[in-house]
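Going down the list, the sequences are from chains A and B. In this text, residue positions in the first sequence follow this note's numbering: the first is 843, and each later residue adds one. In this text, residue positions in the second sequence follow this note's numbering: the first is 2, and each later residue adds one.
Don't take every hint at face value.
[Stated by the list, open to error] Derived coverage of chain A by chain B (criterion: at least 3 residues anywhere in the stretch with Cβ under 8 Å from a Cβ of chain B; other residues may be distant):
#, stretch
1, 849-863
2, 1026-1038
3, 1224-1232
[Stated by the list, open to error] Heads up, incomplete: computed chain A residues facing chain B, CB under 7 Å, no partners named:
#, residue
4, F1022
5, L1023
6, Q1041
7, V1243
These are calculated hints, taken from the structure and not from any lab test. By construction, the Cβ of each residue, glycine as well, lies at the ideal position given by its N, Cα and C atoms.
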Amino acid sequence: MERLGEYIPIVGQSIIDDLKLLAERLKGKVIQQVNSTSVGGGVAEILNRMIPLLKELGVDSRWDFIKGGAQFFDVTKKFHNALHGKKEDITKHDFEIFEDTSRKNIEELDTYGDIVFIHDPQPVALVKKKKGNKWVWRCHIDVSRPNKDVWNFLKGYIKNYDSAVFSAPSFCQKMPIRQFLISPSIDPLSDKNRELPQQEIDAVLRKYEIEADKPIITQISRFDRLKDPVGVIDAYLQVKKYIDCQLILAGGTAVDDPEGAEVLAEVREKAKKDKDIHILLLPQNDLEVNALQRASTIIMQKSSREGFGLTVSEALWKTKPVVATDTGGIPLQIKHKYSGLLCHSIEGAAFAIKQLLNSPGYAKKLAENGREHVRNNFLITRHIRDYMLLFLSLYHPEDVVSL
Amino acid sequence: MPELIKAKEPFRFYTRLHLSELTGFKATTLEELLDLMKEVPGSCIYHHTHRFLQQHQYLSPEPPNDFAYWVNSALGEDELAERLASIDTVQFSTIRGLREEMIAKIEQYIKASPKSKRKFAEEAQEFHFIKSVSFILPTKYVVNDLKEFIDVLAKITMDSVYFHIFEARLRLEKKTNDFSYWIETSIGNKKLADKIANLDPYTHTLEDLRDTLIKIIEKSV
Chain A
843 MERLGEYIPI VGQSIIDDLK LLAERLKGKV IQQVNSTSVG GGVAEILNRM IPLLKELGVD
903 SRWDFIKGGA QFFDVTKKFH NALHGKKEDI TKHDFEIFED TSRKNIEELD TYGDIVFIHD
963 PQPVALVKKK KGNKWVWRCH IDVSRPNKDV WNFLKGYIKN YDSAVFSAPS FCQKMPIRQF
1023 LISPSIDPLS DKNRELPQQE IDAVLRKYEI EADKPIITQI SRFDRLKDPV GVIDAYLQVK
1083 KYIDCQLILA GGTAVDDPEG AEVLAEVREK AKKDKDIHIL LLPQNDLEVN ALQRASTIIM
1143 QKSSREGFGL TVSEALWKTK PVVATDTGGI PLQIKHKYSG LLCHSIEGAA FAIKQLLNSP
1203 GYAKKLAENG REHVRNNFLI TRHIRDYMLL FLSLYHPEDV VSL
Chain B
2 MPELIKAKEP FRFYTRLHLS ELTGFKATTL EELLDLMKEV PGSCIYHHTH RFLQQHQYLS
62 PEPPNDFAYW VNSALGEDEL AERLASIDTV QFSTIRGLRE EMIAKIEQYI KASPKSKRKF
122 AEEAQEFHFI KSVSFILPTK YVVNDLKEFI DVLAKITMDS VYFHIFEARL RLEKKTNDFS
182 YWIETSIGNK KLADKIANLD PYTHTLEDLR DTLIKIIEKS V
């Protein structure tokens, strides 16, 4: 099915023409993407949408997976948390489990690509098979303050790649290889972001008994302390003293995360006295998330840490004013007072929300700027362009490349 | 209506796409910023003085560069920020010259306000030096007169406008922008070429710059 053409009304013909120009330069190269799963998680989500588009452009892009048992994935989950800076007890045995599974994958997986594009730490050791081809490691994790033991262990592999890619400048590490900054993206045609008819939005509001004619402040996030849902309620309560409004906290369930269940209970306890606070569990319901974002007056993202925070781009794309903390990839998406408001505290967030609710013209301007910023920088077409430039950079070490 | 002049040489539109390369260099104080500005490759200075033009092409044309933005937002030095923001970039024909001017402004400021050396950016607010890697590609658009030129100018990407106006002049160290050069040497219209060369492109958004160029050229066709 041809899909590339559907992006023309959104980004313009000339952007698609540029993608075609780049794709021509990659003719004959096989790009092999490798990760650990085809379903679930942000990496699989983006590859599922990106690989068909690359193929349509004529870039021979293929996708392979490594194998691993429960023990291996328990260890890589611990690695993931430790790289995010969370305290984890990682033993020598954990590293051995990682190496054992990696050894089996090295034996079994054919790394046939002219460019082998490895996503995240799970398949990182495959680089031992590197011969004459090019290898790139794509890090989707916030490694600004990683656990040193885990990072140094992984670095032993990463330094053998040709290049590494990170999502924010602060994630860059001291390494002897080229490192690039490529932001993730949203797909404007996905269920989470596509235009919705007003009836569909209204139906979702009715389903959750949300009033359509009272301002709605929303945060879409997992119930996780790093997303600070309790702080969001505190900010809302400060606003509520002056402006009658509603709050929606919507996110995925946390069945496998004991801390998540604890946070959810805490949030519910804090919210129970106010009928205008709506706590919604939305397990992977992209259309409802889309509808709630579109029904909102203001979107918040009050995270204390954030890998990138694509919910900000999702909101801006829907021309919603955003109040968010100045952390991780958020300042790449919002320039304070140009395309949203950044804050550092509950009081700051409450003040920003009041400003926006009381000055709809200002809120509209920020949101319009935000949408254009996302159009230029955070849509899947820009992401594909950056990946193709990255592949070309493997054959061109210079700073100005004439193709 | 005057007859359209056919160009001696056709004009081919190019486009320029860029990739951001991380350098690992970061500054938390004004002195660190200054030291690194002296050391980093010219591609870094270019990136931080031109990134805003491309990434925020729809906004009012400020803030003009990352150094000014950071000095203000992370260190609270708004006076220095203003001085860095108001550097007349169009007066410089090389990155080297632009770098020297910025360094001189910061050195003068530190000398006059030694207290500024004691300010630190908070954690996660550091200045990260990034390098711009440019990929230049020919597009399919080739024009032979100003009428065709306007038609293409109206539909090419902002990256292409950007390349011919900013990158060709400063990064590739040509004396003027590509449009003025072609209009003067191939169309023979020096007056129009000068009019375009005398625009200060840094005070326009890219979309506004495109419209301004089209209007100026339309008047002369």
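Would you say the stretch 1224-1232 of chain A counts as covered by chain B, given the rule of at least 3 residues with C-beta under 8 Å?
-> Coverage by chain B holds here, the residue count being 4 at a Cβ distance below 8 Å.
Double-check L1023 (chain A) for me: the hint is only fine if its C-beta lies closer than 7 Å to a C-beta in chain B.
-> Status holds, d = 4 Å.
Mind checking the CB of V1243 (chain A) against every CB in chain B and telling me if the closest is under 7 Å?
-> holds, 5 Å
Outcome, coverage of the stretch 1026-1038 of chain A by chain B - at least 3 residues whose beta-carbon is closer than 8 Å to one in that chain | Not satisfied, violated; 0 residues make the cut.
Would the stated hint for Q1041 (chain A) survive a check requiring a Cβ distance to chain B of less than 7 Å?
-> Constraint on Q1041 (chain A) not satisfied, violated at 31 Å.
Hint check: 7 Å Cβ-Cβ cutoff, F1022 (chain A) to chain B | holds, 6 Å
Go check the stretch 849-863 of chain A versus chain B for me, would you? Three or more residues, Cβ under 8 Å, otherwise it fails.
-> holds (count 7)
In the structure shown, a violation is registered for the earlier hints numbered 2, 6, in ascending order.
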